[in-house]
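K.L.:
Taken in order, these protein sequences are the chains called R and G.
The first sequence begins at 1 in my numbering and counts up by one.
The second sequence begins at 1001 in my numbering and counts up by one.
Don't read these hints as lab results, they were simulated from the structure.
Incorrect hints may appear among the rest.
[To be verified] Beyond 12 Å from chain R on every Cβ pair, some chain G residues (computed):
hint: 1; residue: Ala1002
hint: 2; residue: Leu1026
hint: 3; residue: Glu1027
hint: 4; residue: Leu1064
[Said to hold, decoys possible] Chain G regions said to be covered by chain R (calculated; three or more residues, Cβ under 8 Å):
hint: 5; region: 1008–1018
hint: 6; region: 1050–1061
Note that the coordinates shown come from a computational prediction; the quantities given were computed from them, not determined experimentally.
Idealized CB from N, CA, C, for every residue including glycine.
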Amino acid sequence: MGILEEIQRVSELIQRHSLLRVTAIGDLELLNIAQNNSITPWEAMKAALDLGIWPKRYLRNLETLTIQEQRRLHLAHVAVIGAGGLGGQVLTCLVRVGIGMLTLVDPDTFEESNLNRQAFSAISSMGLPKVDQAEQRLKDINPFCKFRKFHKKFEVSSSEEILRDVYVVVDALDNRKDRILLQEISRQMKIPLVHGAVAGLEGHVMTILPGDEGLDKLYTDPEPEEAMRPEAVLGVLAPTPMLIGTLEATEVIKLILGRGSLIRSQILYVDLETAGFHLFQF
Amino acid sequence: MAIRLFLSSTLRRYVDGYDPSRGMELEQVQGRSLREVLMDLGIPLEGVKIVMVDGVHSDLNYTLSGEERVAVFPPVGGG
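Looking at chain R on its own, in the form it has when it is part of the complex (with noise of 0.2 Å):
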């Protein structure tokens, strides 16, 4: 029996309300024809999605996303720079809603200043690279996604390699220099990059296309000193990293679909103290 038949077999027929009734398949059966035809989970997903088939795991994504939406997810490949605040949340709002292949970049290891926001810092991870527990925990969550993990700094030198085959980039980075480097590269590669920053209990969100201006309205080269940093000064609140974080693969997920509208040539700033959300233009 072929993949696809198999995949047809262990599939079943569910009403999801009155309406509605859908093929499914769940993350056991896919596991499985993986295993026994020597393929990989995330192709196993890509056939099921082929042939119309509702992954269990994503049935609470249909009606919002169509199911060729959800194949496009899962062929799209994002590049995520960081793993602290912002990036811990972004990688775990784009593996649920399932994206398919992620980057992960980080230089650093867990530090228990880490453990008021960042979301795989725990424990049981201190001392080891964020990277690591952050693809551990991903992959637990979503064992279809591929993942290419990167335990370095992003910098010309490892951008090229990085940024590889990626369809768009996410600024989880956490000092101006380093942004503003990751946006020249990808407006060399013409990547489309999800720029967000966050400080005390506000932050940030700019999606930012090649040919666009960008950061070059929202930061001063050099970096300025420790004083007039708002991050250096305020630290940052779990929740502000959690919700920028969570905007910030919104963006990622309109890209690749081609839906709704970009925060583009405007900033979204959000300040929690006041429950304040403005869109300004540029």
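Use these hints to put chain G onto chain R, whose structure you have.
P.N.:
Leaving out everything else, chain G in the frame of chain R:
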């Protein structure tokens, strides 16, 4: 005539009693540049990176007509 000035993040620390929900009202500033007004308030200009006037990007040289809503931001860069 008064402008309403909103300060973001660390810039709020330079104005005693600043209310982040309401911002602050400044009267009789028409004809003056935003730079002068911020300097009078004791806000360090090197800490101001983004200026928005009535929701649109501007800069410190902007001359106030006296009725705008102005928001100023430092360069927030944490992750």
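K.L.:
Each hint: holds or not?
P.N.:
Hints and how they fare:
1. No beta-carbon of chain R comes within 12 Å of the beta-carbon of Ala1002/G; the shortest separation is about 20 Å.
2. Residue placement check: Leu1026/G keeps its beta carbon more than 12 Å from all beta carbons of chain R (closest about 19 Å).
3. With a least CB separation of 23 Å from chain R, Glu1027/G remains clear of the 12 Å interface cut-off, as annotated.
4. The Cβ of Leu1064/G lies farther than 12 Å from every Cβ of chain R, with a closest approach of about 18 Å, so its non-interface assignment holds.
5. Three residues within the 8 Å Cβ limit are the bar, and the region 1008–1018 of chain G against chain R gives 3, so the coverage statement holds.
6. With 5 residues carrying a beta carbon less than 8 Å from a beta carbon of chain R, the region 1050–1061 of chain G meets the three-residue requirement, and the given coverage holds.
Comparing the model with each earlier hint shows no violations; every hint is respected.
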